[in-house]
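> Those protein sequences? They're chains V and E, same order as listed.
Residues in the first sequence are numbered from 609 upward in steps of one, following our numbering.
Residues in the second sequence are numbered from 327 upward in steps of one, following our numbering.
Please keep in mind that the hints were generated in silico from the structure rather than gathered at the bench.
Any given hint could be a false lead.
[To be verified] Label pairs and their calculated CB-CB ranges:
1) Leu781/V x Glu430/E: 58 to 66 Å
2) Asp779/V x Glu430/E: 41 to 49 Å
3) Leu664/V x Glu351/E: 51 to 59 Å
Note that CB positions come from ideal geometry on N, CA and C, so glycine has one too.
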Amino acid sequence: MIKILKYSFYDLMRSRWSYVYFLFYLALGFVLLFLNNDLSKAVITLMNIIVVLVPLIGTIFGIMYYYNSREFAELLLALPVRRSSIFLGQYFGVAGSLTLSLVLGLGIPFAAYGLFRSSAVWDFSLLLVTGAFLTLIFTALSFNIALANENRIKGFGYAVLLWLLLAVIYDGLFLLSLILLEEYPLDNFSLAATLLNPVDLSRTLILLKLDISALLGYTGAVFKEFFGTHTGLLVSLSTLVIWTFLPVWRLSVQCRKKDF
Amino acid sequence: MIEVENLHKKFGKNTVLTGLHLKIEGGGIYAVLGPNGSGKTTLIKSILGMVVPDKGRIRVNGQDTLRQHKYREDLSYLPQIANFPGNLSVSELLAMIVDLRRQEARQQELIAEFGLEPFLKKKLNTLSGGTRQKVNLALTFMFDSPLYILDEPTTGLDPASLIRLKERIRLEKSRGKLFLVTTHIMQFVEELADEVIYLLEGRIYFKGTLDQLRKRTGQDDVEHAIAAISTQEPHD
Numbered sequence: 609m610i611k612i613l614k615y616s617f618y619d620l621m622r623s624r625w626s627y628v629y630f631l632f633y634l635a636l637g638f639v640l641l642f643l644n645n646d647l648s649k650a651v652i653t654l655m656n657i658i659v660v661l662v663p664l665i666g667t668i669f670g671i672m673y674y675y676n677s678r679e680f681a682e683l684l685l686a687l688p689v690r691r692s693s694i695f696l697g698q699y700f701g702v703a704g705s706l707t708l709s710l711v712l713g714l715g716i717p718f719a720a721y722g723l724f725r726s727s728a729v730w731d732f733s734l735l736l737v738t739g740a741f742l743t744l745i746f747t748a749l750s751f752n753i754a755l756a757n758e759n760r761i762k763g764f765g766y767a768v769l770l771w772l773l774l775a776v777i778y779d780g781l782f783l784l785s786l787i788l789l790e791e792y793p794l795d796n797f798s799l800a801a802t803l804l805n806p807v808d809l810s811r812t813l814i815l816l817k818l819d820i821s822a823l824l825g826y827t828g829a830v831f832k833e834f835f836g837t838h839t840g841l842l843v844s845l846s847t848l849v850i851w852t853f854l855p856v857w858r859l860s861v862q863c864r865k866k867d868f
Numbered sequence: 327m328i329e330v331e332n333l334h335k336k337f338g339k340n341t342v343l344t345g346l347h348l349k350i351e352g353g354g355i356y357a358v359l360g361p362n363g364s365g366k367t368t369l370i371k372s373i374l375g376m377v378v379p380d381k382g383r384i385r386v387n388g389q390d391t392l393r394q395h396k397y398r399e400d401l402s403y404l405p406q407i408a409n410f411p412g413n414l415s416v417s418e419l420l421a422m423i424v425d426l427r428r429q430e431a432r433q434q435e436l437i438a439e440f441g442l443e444p445f446l447k448k449k450l451n452t453l454s455g456g457t458r459q460k461v462n463l464a465l466t467f468m469f470d471s472p473l474y475i476l477d478e479p480t481t482g483l484d485p486a487s488l489i490r491l492k493e494r495i496r497l498e499k500s501r502g503k504l505f506l507v508t509t510h511i512m513q514f515v516e517e518l519a520d521e522v523i524y525l526l527e528g529r530i531y532f533k534g535t536l537d538q539l540r541k542r543t544g545q546d547d548v549e550h551a552i553a554a555i556s557t558q559e560p561h562d
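In isolation and in its complexed conformation, chain V is listed as follows:
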């Protein structure tokens, strides 16, 4: 698996898109710092962008890479290599190179601005960790979708729909249900609803760390009240780990059953 990972990673490191992604984050980091003139504020703005954009890019990159490397995967399938190694290797190659673009693209401008001398360094690190998790989760979800759909257009459609659902529609439905059910106690419901969506979970996680009650919103407040800041951080981080593990595990099971 490590070998396949290495080659997928090399392949991606040479592709134009990794650089586009890297340069985009680099530009974003500099622009935010320039406009905000303050590290902590830039971190908050960045969070709002990361929780929406990173999943989208992970999804699209994942699905594109899978379909583009399909024939190559067929070549590898005829070699004495385990199937799960092939697909997990490719998956970690994509997710790894995306994470690297994210970390370097944002890390360089913030480090240049004096991140290591400021108090925001842990907030910022957590932001990058969350970004890495979101990349791993959404790339794994998109690989699952791609593996289940031979038809590229359909696979692409489902993947974008999944992103739309988790990043945009979910919040709307969530809010709507809170309004409709306002007469009932909703603490547990909103807790569960947050844990069930990695995007909401990441947002809550960062806000808990930043400790900005004004931005926490209803769910964040419930989360904080229920778990406290430290347990809350721990619970949300471990839920993110589960969110990463499940689609990766399903990927390795699904690829063993599939016909190529």
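Put chain E on the given structure of chain V with help from the hints.
Below, chain E alone, put in the same frame as chain V:
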């Protein structure tokens, strides 16, 4: 060498293989023929482990193939569509496959044979279809495997390369290797094949030498004999 017992495979509602039996011992060149959709590719991919059979058993060199990967050390496969990661150069691709297989490879010999030296530093996505097929061939024959599975090996080749390919196949055959080849080019079959395996409707309809085929159909021309065979009673 290859044993296939009672192989069944369905893709959705589409039944492709229905209880296929095949046993091949020793070396030689076997042409797998049949009309489009007769299950040639599915049979080959089942042997390669790319398609998971619904029922039945396949053994290569005495080893069960289901969900295994070790047995593939004994075989080399030439896929029909050669599509490689475009950002790699030819020499990187060759080195990578050698690295992944961890077997001894005669890289230089094959690079020279198919005239690939000028392309070694070129990226794969800049190569023409025919050159890619040559890279594909070099990748396949680089390894000294007892079993070669070739899916439409002649696609896109110029006459000079085609001659080299045939020479290479004859050479490996003389070393006692086994070939499974699918092709629609009858001239290729006539020149090279020792035996013909004719698939129809998911079963083996005929298996035998070209002479047996000619005798059975009463046709001297292989192309006509192949065309005539499906109108006859199945072979047991």
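> So which of the earlier hints does this model not fit?
2
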